[in-house]
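Peer 1: Single-letter residue listing:
There are 2 protein chains.
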Amino acid sequence: MNELDVFFNPRSVAIIGATEIPKFGYYQSKYLLERADREPDFKAYPINFKKSTIFGKKSYKSILDVPEPVDLALVLVNTRQVLKVFEESIQKGVKAVVLESSGFAETGDPELIHVQEKLKELIREKKGSLRVIGPNCVGITNFDNQFTTTDTIFGRLKVGGISIISQSGVLGNIIIDLARSQGLRFNKVISMGNKIDVNENDLMDYLLEDEGTKVVALYLEGVTRGDRRFIETVKRFTARKPLVIVKNGRTEVGARAAYSHTASIAGNDAIYNGVFKQTGVIRARNFYELFAYSKVLASQPLPKGNRVGLITASGSLGILACDEMATNGLELAELAPETIARMKEKAPHFVSLKNPVDLGPAQMEMYMTCQKALFEDPNVDMFLQIFCIPEEVFKILGSDFENRIKKMHRLSIQNKKPCVVVAFSPPWMVQKFTDEGLEHDVPVLSEVQLAVRCLAVLFQYKKYLESQE
Amino acid sequence: MNELDVFFNPRSVAIIGATEIPKFGYYQSKYLLERADREPDFKAYPINFKKSTIFGKKSYKSILDVPEPVDLALVLVNTRQVLKVFEESIQKGVKAVVLESSGFAETGDPELIHVQEKLKELIREKKGSLRVIGPNCVGITNFDNQFTTTDTIFGRLKVGGISIISQSGVLGNIIIDLARSQGLRFNKVISMGNKIDVNENDLMDYLLEDEGTKVVALYLEGVTRGDRRFIETVKRFTARKPLVIVKNGRTEVGARAAYSHTASIAGNDAIYNGVFKQTGVIRARNFYELFAYSKVLASQPLPKGNRVGLITASGSLGILACDEMATNGLELAELAPETIARMKEKAPHFVSLKNPVDLGPAQMEMYMTCQKALFEDPNVDMFLQIFCIPEEVFKILGSDFENRIKKMHRLSIQNKKPCVVVAFSPPWMVQKFTDEGLEHDVPVLSEVQLAVRCLAVLFQYKKYLESQE
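Sequence order for the protein chains is A and B. Every letter in the first sequence is one number past the one before it in numbering that gives the first Met the number 0, and letter 416, counting from 1, is 415. Every letter in the second sequence is one number past the one before it in numbering that gives the first Met the number 0, and letter 401, counting from 1, is 400.
Hints in this document: simulated from the structure, not taken from any laboratory. There may be inaccurate statements among the hints.
Some chain B residues flagged as far from chain A (calculated, every beta-carbon gap over 10 Å) [what the hints assert, rightly or not]:
{"id": "1", "residue": "D36"}
{"id": "2", "residue": "Q145"}
{"id": "3", "residue": "G273"}
{"id": "4", "residue": "R409"}
Here are the computed distance ranges between Cβ atoms for each label pair [stated by the list, open to error]:
{"id": "5", "chain 1": "B", "residue 1": "K119", "chain 2": "A", "residue 2": "R155", "range": "55 to 61 Å"}
{"id": "6", "chain 1": "B", "residue 1": "N8", "chain 2": "A", "residue 2": "L156", "range": "48 to 54 Å"}
{"id": "7", "chain 1": "B", "residue 1": "R284", "chain 2": "A", "residue 2": "R235", "range": "34 to 40 Å"}
{"id": "8", "chain 1": "B", "residue 1": "K276", "chain 2": "A", "residue 2": "L156", "range": "45 to 51 Å"}
{"id": "9", "chain 1": "A", "residue 1": "I395", "chain 2": "B", "residue 2": "K91", "range": "31 to 37 Å"}
All residues carry an ideal CB built from backbone N, CA and C; glycine is no exception.
Build the full structure now, drawing on both the sequences and the hints.
Peer 2: In structure tokens:
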């Protein structure tokens, strides 16, 4: 068993700074205490300096008062109390600490930087028998067993293949809100903060062996200067699973802001670019790209080549897609004569039977015919479809589009070719498409150019794997 | 009166190809006939080869049978009937034709190219007394008087300052669906199609003098080769109003697709780039950028300089914004000492009081204090705020955020400084923010980088105007 397992599946947790007042710590306390009620193999102990009960459960003044062993200490207290509760947690013999409190090295204050150094020293003394995530983070969420140290609300969220490692709090909880809407299904989400112990290397190694994780999305502000381990870990990882990275602090101004945020040294961006290229990392420019690339990599097979078959309901958006293909190493597939013949049989007069196949307001049946013909064309390696539907039409014919997505999934599986869908529509329609797509493993995006780059990323990763053979 | 006025405010329209069957033409027929019932100064005549009534109104076999004069002929018939109804319309003495039928030069079919040429000849013979929009378009929508030749549903859409000129059908109707959701308010939307007569130059000149139009967003696939008039028209336009252009068909593959779409010669993209730079055009890379830039240009004052004051609820998104500023000619404002002093008074320990001001989960009051301090700082030329709110918090405190947006608007007006808001949230929350922003002329976007580029575009246009003085 890996020593990091305790973060994702602890048997007992002390919530140091537990509270029933609606402020930071409220959701975590409530959720973990309720989870302990529900699950016989899981225990949660509230620790609060003043209260004797929290949400009706007995609360302790110190972790040292807990009568049973504790696997994991979750620390939510103010900065100035951290050192004390940390020392007590060590004394109690916890295996791991999630230290969410902020206000350390990132403040630039010498006194607080010193406290962070002191914490590091305590960890070093334990020689690997104590692992710590944080400070300045929201810790972890495991969708597999619904254990979390954040204010995640699981609701109807289903577990999936995407795991996230993040140096920021935002990616620890806000993006889980975004997950549903963007059609992402997570496996594990880890926010690392200032990384005084556990860092991206430890977590990549862990997630490489984690069966549920298919793709890792990593948000990074900086790695330790000259850290060879990063490059080696990444190489080992990308040889078996795709890795998408947002590296923030590309410019000098951004780098200064990164230091104020997590005390990270952003480093030279050109060097990162070089390393990423060498090691098969897929670089995303922002969080929406990170989501989109991860979603597509987690759900689609890798393409054999770079030739795209494109069906569009809008000529303009078709052109936009072509331009983006040309600048991202993809080709517009030259359709086989039999493909064109199959489409021609049912084509109305206004249809353009070249690739891109511009079907405009053609009927459902025509769309289905062309979809099938393109998927089965030997010159097509991947498939892109752009929907562009007036709201009033969608209100009446919505289920037709659901059908098209269902069929697309079947064709994708049968032909072992990846596909991506664009819904150029108001958010409520994009959401309907996304939800339907999620049911059938068809990634739906609202932007044409981003959709094309998703296909390019599949091809890029495929080429990287080949280059390593 | 400008000769193009008849397109936007005709007194009488013949709908040639009117239909009450739910297919192409249905919405236009229904809407215009109802509008004629409602408005005493407007008449609509359905023309249908077979039917004698359409939606209960007397229908004519030919426009020549209409007993009264007709200003505008709206042509919706099949390609092969176009020439005949076009000649009859001329005979009837209409001033203008909106020719929506497609299937002409864009098919590449010599016979159909010939028909298009024949139409051009007929127009030339009329020496300017007949103006034609199309073919292969959806014509115009005037939000001012709710006259439309498309299937636009006006609903609760309010009239605004953005007018769109587009060479594509998509931008004629689908984006009106998007308008509400993206927080855009239109004045006039024109889809030009194959441009056998009226083109972007005519329309820019018209909209330059149009009082309701504050900004023009232009979607272009190509202009006539070597057309000096384009450059002159654009220069004249940008001297008084901002112009945002998406030029499609940047690459060879894209250019080929553009020819199939509207028979346009896309031309050399580097030349377009040069012309745009010289003439103060703001180039957008896709439709979402087009919407965002137009929205910000239509609602915000131009900034005095390029220094941005930034308040963020997320350090990561703050860094992302800083990187994007640095690569788009903007600077992070160095805050005045009194600004920092004002903020410090109310600041909790976790707040970073440099710019970007990272407030994290601080209280409403703190946000308000900092908002005001930044707007009033003499070193700040424009203001950006990034909201990043967990769904559960927003459900409880939604009205707080509305308040912040309202106050932002007041501060923006008082200090004559532009502002943009980012809501890094699921679509339903972005929508709430957008709607609220629309009420108070505060543009809301979901993407940090795009928001920064919007501010950059304001500065870019300001610099262009200065260079022309």
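Peer 1: Work down the list of hints and note, for each, if the structure agrees.
Peer 2: Consistency of the hints with the structure:
no.: 1; hint: D36; result: 21 Å, holds
no.: 2; hint: Q145; result: 16 Å, holds
no.: 3; hint: G273; result: 18 Å, holds
no.: 4; hint: R409; result: 28 Å, holds
no.: 5; hint: B:K119 / A:R155: 55 to 61 Å; result: 59 Å, holds
no.: 6; hint: B:N8 / A:L156: 48 to 54 Å; result: 52 Å, holds
no.: 7; hint: B:R284 / A:R235: 34 to 40 Å; result: 37 Å, holds
no.: 8; hint: B:K276 / A:L156: 45 to 51 Å; result: 47 Å, holds
no.: 9; hint: A:I395 / B:K91: 31 to 37 Å; result: 36 Å, holds
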